[in-house]
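Engineer: Dock chain B against chain A, hints included.
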Amino acid sequence: MLDGILARPVRDLIPVRDAREPLRALIASLAPGGAERIVLEWLAAEAARGRAIELAVLHARRNALAAPAGISPRVRCGGDPATFVAALACEWRSSRAPVSTHLVGDDLLSLLWREGIRTIPTVHNARGGWRNDPARWDPADVPLVVACADHVRRELIEAGCRAPIVTLRHRPCVGAAAFDASARERVRAELGIASGTFLVGAIGALKPQKDYRRAIEVLARLRRHRDAALVILGGILDAAGLEELDRVVALAVERGVADRLRLPGFVPVIEPYFAACDALLNVSRFEGLSMAVQEALAAGLPVVATDVEGQREISHRALERVPRDAASEEIARRLGAHAVRRELAGRPWTRAPRAGSLALSWRERRSRSIGTLFVTANLNAGGAQRSLVNLVRAIARRHALEVAVCSESTHDAFARMLQRDGIDPFRPAADADPVAVAESLLARIHRQGAANACFWNADPKVKLALAKFAPASLRLVDVSPGHYAFDEMDAASEFAEALAYSPRAYYERLDLLVLKYRAASHPACARVAVIPNGVHPGPATSGAPPHPRFLVSGRIAPSKRLSTVIEAFAALQPGHPDAELHLVGPVEERHAAYASRLREEAAGLRVFFRGASFGFDHLEEAFSAAIVLGTHQGCPNAVLEAMAAGIPVVANDSGGTRELIPGERYGWLLPEAATAGELALALREVIDRPEDSRSRARAARERVRTEFTIEAMAERYLAILGAADTSAREKMEACSFASVPAAQPS
Amino acid sequence: MDIFEVLAFVGIAGYLAYSYLRRKAQGEKAEAMFRSMFPDLQPHFHPAKLLDYVRARQAREPTPGFPWQDPPGFAGAKASFEKIDGRERVTLLDAAGTLLGQFFFEDHPEGGVLRVGQGKFTVNTTVQPRVRYWHPDREFKWSPRKGWTFQTRVAESSIDSSDRGTSWSSSSDSSASRAASVAPFAGAGGAFDGGGASQAWDGAERGGAGSSEGASSSAPAY
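For the record, the sequence lines run as chains A and B. So our numbering is basically just the index in the first sequence, starting at one, shifted up by 229. So our numbering is basically just the index in the second sequence, starting at one, shifted up by 24.
One or more hints might be untrue.
Under 10 Å between C-beta atoms, here's a sample of chain B residues computed to sit facing chain A [unchecked claim]:
1) Ala56
2) Met61
3) Pro67
4) Gly125
FYI, nobody ran anything at the bench for these hints, they're computed from the structure. Nothing here was measured: the structure is a model prediction, and the numbers come from that model. Where a beta carbon is used, it is the ideal one built from N, C-alpha and C, also for glycine.
Isolated chain A, as found in the complex (with noise of 0.2 Å):
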């Protein structure tokens, strides 16, 4: 039914330039912990897409959390761990990517600089866990740190970090278990727990600063009220830890629940534990930002947390922080007050495991070989895209830029017209997915020196993405087609929560908002132009039509209310039966559906659905006038490009139609939400008032004409990337990224 017109992706046509390179990572240990589940995750998920990694694993473990599937790592079995990694800096240092290092000393990691390896080190824990100075990284050896939360982001800068610090605060994964009954009824038994006992909870290795004989205290006094009990999850990893658990075990025997304490050890599946469990509860004295309260929290548990700097990044319901020196009374109330839970369901975060590739995409700077690399989505027949291909070939040739293309095109004319000026579009990554396409528009940035990222029509999640992770000096542009493009980087505030940012966090971080119109609001941005599209003037129009003939122009979309316009022509047709209404566009495949309806809503009709039309061959044929309806309007085209042919246009007042057609001498400007009443009025009129048609039309072109050229659009496009002064942010101080507090999860 929709042969002809249905776009359907074409395949190989535009290349991928893939500037990712294998993951290397370098670890202490596989130890169940949460910088070691950290790792994996992040590990696991780039695995599961097929990644090449190499992980490095400084001290084997026979408690350890075993490598995921696709990855085979690398342990030390012999020879010391300087050997170890000087025998890995042979092997890498002819990679131009660096190295994430987790919990690995600054002695060992010089041994990677030596041979010119950069690191990028995760910092895990508060500063009373480091073995790291960080006031000893030289940028030149480590162009980036990532740490775990804001408040250890904070702690580095105090400490002299001088290396620029990025915050990613990992979600954990929660599978299934966590919310199986059966699962909570066998771990329940195994710890012999009756299934009226209240069961705390308690994560971590056996410690001190996890205070655990505080956890013990808090029972006895939750037992003096209920039956209750508490499991310990986790043990111990050094002379320490033995002693730890001495004074633990003692304490419980002095306090007399000692029979309701459990130590299961270091589990190797935690979720059903989750299941089992009734509440959490962590006393820790610091933490960096626990995994296990965020896993609890996603498990649907309640958690007593002490108000210890990692806890208050995470924003969650069913946390309660108690200060840090509350007395054991007090929160054995706070747990008391919940109940024995009869039914478990989970709320899991939206996660971006993969986060941690991105910080992995900083790259030696060969040379400045590009201005601007221009960024959007695809090169479908679009509005969007009509508009940066006439951009980008008008300015090619006084402004060195690339543009990438992150996903598939439906139509291979706007790629072939820029390849035939020398702009050889390609595509960041082979797929569409925001986190790859980032890490590998990052790498390029880095590489070739890009003075300015200018995003045209491009996933929010991208933007996002290689905003959170984009070097100080390099310019970020957005180029706004309309409101909607606020309102789908809204729709994109979980993903940017799982990267520790924000909405409002991308928009502080952009240099230039480019609106295509004034206007009337936009999301708070340091500067903001106005550049509306230009068009070229193009043939004129072949005159009036021998009978009504009317052109709608543009994508079969649900914004571009063709319902209405059909509406509007069949109340129309009884008086001209002659009449004739041309779709001229194409049909997405999210959206056949949708033309689906429409043929059938114009079935009788004399309404022709033309398929796409990348020249302007349309516009030399005569019509009666060009119908351009939308929602969320930038600096509409379709509106343009007829008015330079010479052709009448009725238009609804949406977005920035209205500075195109500012009065009734240059068209009809219907209201936004016009019925099809209204456009029917309309047409009638173009069809009843020819000279009247004519002379708006002929005034529409001069306007264009002289107003809306591609040169005065280029020009300014060239103003403001041109004078692409990186000078001020590289003075800016080196710890320039932003994140924001953890929102909890929808």
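Structural biologist: Below, chain B alone, put in the same frame as chain A:
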């Protein structure tokens, strides 16, 4: 008796009382570790009880269909016996007929073997009585004289705990348990320590601090 003799007597008595109380507390702590690490064996399968039972069982040949009231080690229970595939299955019931536990008993040159679920007790009733427990996930050894040696997921190495204190053990664990303790990741997880469990490892390699036997015994195999 002069004043010095009195003071010496009081001092010695005080020291003995302190030692007694301390050993008692240490012993209670060791028992608490057993209960917290092996909750599935509570309250009936304490090795001291099993030692009593096996000793009594060696002296008596049970008859299927004729229960044993109040068998040593399981006071208050009634043990009934069945032959299942040639093995002796023992069912423990309380006075109300509620199931307390069930195990298979086998004769063993050292004394006897009790199989409880996935676990296996080997009870040695010879001159130096002792009990070993093996389970795919955890093990212990116990003797009235030496106390406990635990090998569980709580620690990489075995832990000794008795009325003399808690320390790393020099005894080894079974390879089966070691293999079982390597956790499958499966995208699901393990216990956290919220700040990098690796944190302690360099310290452990340097020998650690404060352990009665030093942390080097817990160092991984390189």
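Engineer: Now tell me if each hint is right for this structure.
Structural biologist: Hints, one by one, checked against the model:
Hint status for Ala56 of chain B relative to chain A: holds, with the closest Cβ pair at about 4 Å, below 10 Å. Proximity of Met61 of chain B to chain A holds as hinted, the smallest CB-CB distance being about 5 Å (cut-off 10 Å). Residue-level restraint check for Pro67 of chain B holds (minimum Cβ-Cβ distance to chain A is 9 Å; threshold 10 Å). Annotation: Gly125 of chain B was flagged as interfacial toward chain A, and the flag is violated, the nearest CB pair being 12 Å apart, outside 10 Å.
Of the hints listed earlier, the one the structure fails to meet is number 4.
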